[in-house]
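Asker: Residue-level listing of the chains:
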Amino acid sequence: MAKPEKLIENGIRLDGRRPDELRPIKIKVGVLNRADGSCYFEFGLNKVIAAVYGPREVHPRHMQKSNSAVVRYKYNMASFSVEDRKRPGPDRRSIEVSKVSREALEPVIFQEYFPRSAIDIFVEVLQADAGTRTAGINAASLALADAGIPMKSLVSACAVGKVDDTLVLDLNKDEDNYGQADMPVAMTPDGKITLLQMDGHLSGDEFKEGLEMAKKGCLEIAQLQRAALLEKYATRMDGESNE
Amino acid sequence: MKMEKKLVIPGDFLSDDVKLADEGTYVEDGKVFSSVFGIVSINKLIRVVSLSGKYIPKRDDIVIGIVTEVSFSNWIVDIRSPYDGLLHISEFPRRIDNVDMSKYLKVGDSIMTLVSDVDETMKVELTLNDQRLRQITDGRVIEVTPSKVPRLIGKNGSMIGMLKNETACNIYIAQNGRVWLTGKDKNIDLAIRTIQKIENESHISGLTERIVKFLKQEKGIPAKKQVKKKEEDNSGGILDELLDK
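Sequence order for the protein chains is A and B.
According to this note's numbering, the stretch in the first sequence is residues 379 to 621, in order.
According to this note's numbering, the stretch in the second sequence is residues 858 to 1102, in order.
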């Protein structure tokens, strides 16, 4: 898509959202039978699936820590997740995303409960439309809870950015490509920030305002995450009574 | 143990009284929060019973293990946890020689064993030196979520006692979520179906009544349904179900 003349018209964005509105979200917990915990997460046109295994034995052995668990996070984009086929396998970007996402989740996991073990998180991006790292973190945090891993709280993530000199929440692909700034934020529901990156330029005041917007967005996502977790057991109840 | 069943997620506020904090919770700023996704139970102390999760070995737990390796003086035993169990040759009820270890327990054998010690680096030591412990040579072993073991046993063993009576099986539930059943094949099938129902519905109240009803239904089924059940049994339903899991 060529650059549109205006990304915001009369306070309405290209996809019809207001500047402080999130894209529609769909969550399903416990989608994979063989994983200890799993979650499917749709964030607008983003579709990601997260799987958690562990705590389990560490291989290779030298990675293990004698006094706590190691958390390993693998973010991967499917070759068909973007318009032009992506060369499969890890690249510089996905290694970076894996690292920052792992660091966004590590502070809430009680790693010291499981010495000499590994908690493996795998995030597969099936369809990408800007904001896959935040979608991945949201999904991974639910998959961890589903796996029964002790945590201080869930983690929610969303991005803010600047397009046409206006701060907007949760950029889509065009806004990301042609906008002026993109800032993904991950935080716990009580406001502790675990991830903050910025691409582009924001003034100090814009940064503060953007962070507040992101906080609001994250709280909204946290509500949906809670509902999705509780729903896993609500639906199971119905399914059983039908037998 | 009368209590309301309430689902909580990690980070949910539970209480202002730090002294009440028990398993599945953590304390921060003088408040108690849930650390896992599970069901709250308030019984003097507040604890959260997780709905899933791995078995973490504790001293004096009885577990069912499978031998995965025979080393110089230890059997290495899979106890369904992130940590392997070590059964030293001296913990075998009889004095045996190093070279004969595989004659008594070989790779793949199942044992009912006791966790004699766990140190801070999670080195798990096992023993067979106890009346209750032995090798498992007959019957079947199935697996359930370890956190649901207390529910399966019931208050003072009420649930498991009922199940044993109704199905005429001998059932041993190990703390690591492995369950050993012996008895007639058909009875074992019924017991396994019931255990799976308990596992799936452990979070809904009124469980015991529902299980009693379920057992009655399964046993006193009208003739038509019984034929159908038989066909299912012939097709090896239970095995397939286990493999699917």
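Everything labelled a hint here was simulated from the structure, so no lab data went into it.
These figures come from a predicted structure and were not determined experimentally.
Every residue, glycine too, gets a C-beta built ideally from N, C-alpha and C.
Misleading hints may appear alongside valid ones.
Said to hold, decoys possible - Examples of chain B residues lying across from chain A (beta carbon under 10 Å, computed): (1) P867; (2) G868; (3) S967; (4) M969; (5) S973; (6) D974.
Stated by the list, open to error - Derived pair list, reagent style DSS-like, types lysine-lysine, alpha-carbon separation capped at 30 Å: (7) A:K452 <-> B:K1043; (8) A:K530 <-> B:K980; (9) B:K888 <-> A:K570; (10) A:K610 <-> B:K980; (11) B:K1021 <-> B:K980; (12) A:K594 <-> B:K915; (13) A:K530 <-> A:K381; (14) B:K1005 <-> B:K901; (15) B:K901 <-> A:K443; (16) A:K594 <-> B:K1012; (17) B:K863 <-> A:K593; (18) B:K1054 <-> B:K1043; (19) A:K570 <-> B:K980; (20) B:K1012 <-> A:K593; (21) A:K530 <-> B:K888; (22) A:K610 <-> B:K963; (23) B:K1041 <-> A:K610; (24) A:K443 <-> B:K863; (25) A:K452 <-> A:K593.
Asker: Against the 30 Å threshold, does the CA-CA distance of K888 of chain B and K570 of chain A hold or violate the hint?
Answerer: holds, 17 Å
Asker: Given D974 of chain B was flagged as interface, is its beta-carbon under 10 Å from a beta-carbon of chain A?
Answerer: violated, 15 Å
Asker: Given the proposed pairing of K530 of chain A with K381 of chain A, does the C-alpha separation stay at or below 30 Å?
Answerer: violated, 43 Å
Asker: Are M969 of chain B and chain A close enough, Cβ to Cβ, to be under 10 Å, as the hint says?
Answerer: violated, 23 Å
Asker: Against the 30 Å threshold, does the CA-CA distance of K530 of chain A and K888 of chain B hold or violate the hint?
Answerer: holds, 12 Å
Asker: Does the structure keep K443 of chain A and K863 of chain B at a Cα separation of 30 Å or less?
Answerer: violated, 36 Å
Asker: With the threshold set at 30 Å, check whether the alpha-carbon distance from K452 of chain A to K593 of chain A stays at or below it.
Answerer: holds, 26 Å
Asker: Hint check: K1041 of chain B vs K610 of chain A, CA-CA at most 30 Å. Holds or violated?
Answerer: Not OK: K1041 of chain B and K610 of chain A at ~36 Å, beyond 30 Å, violated.
Asker: Was the hint right that S973 of chain B lines chain A, CB cutoff 10 Å?
Answerer: Violated, because the Cβ-Cβ distance from S973 of chain B to chain A comes to roughly 19 Å (cut-off 10 Å).
Asker: Check the hint pairing K901 of chain B with K443 of chain A against an upper bound of 30 Å on the C-alpha distance.
Answerer: violated, 36 Å
Asker: Answer holds if the nearest beta-carbon of chain A is closer than 10 Å to that of G868 of chain B; otherwise answer violated.
Answerer: With Cβ-Cβ at 3 Å, under 10 Å, it holds.
Asker: Take the C-alpha atoms of K452 of chain A and K1043 of chain B, compute the straight-line distance between them, and say whether it is at most 30 Å.
Answerer: violated, 45 Å
The structure fails to meet hints 3, 4, 5, 6, 7, 10, 11, 12, 13, 15, 16, 19, 20, 22, 23, 24 from the earlier list, while all remaining hints are met.
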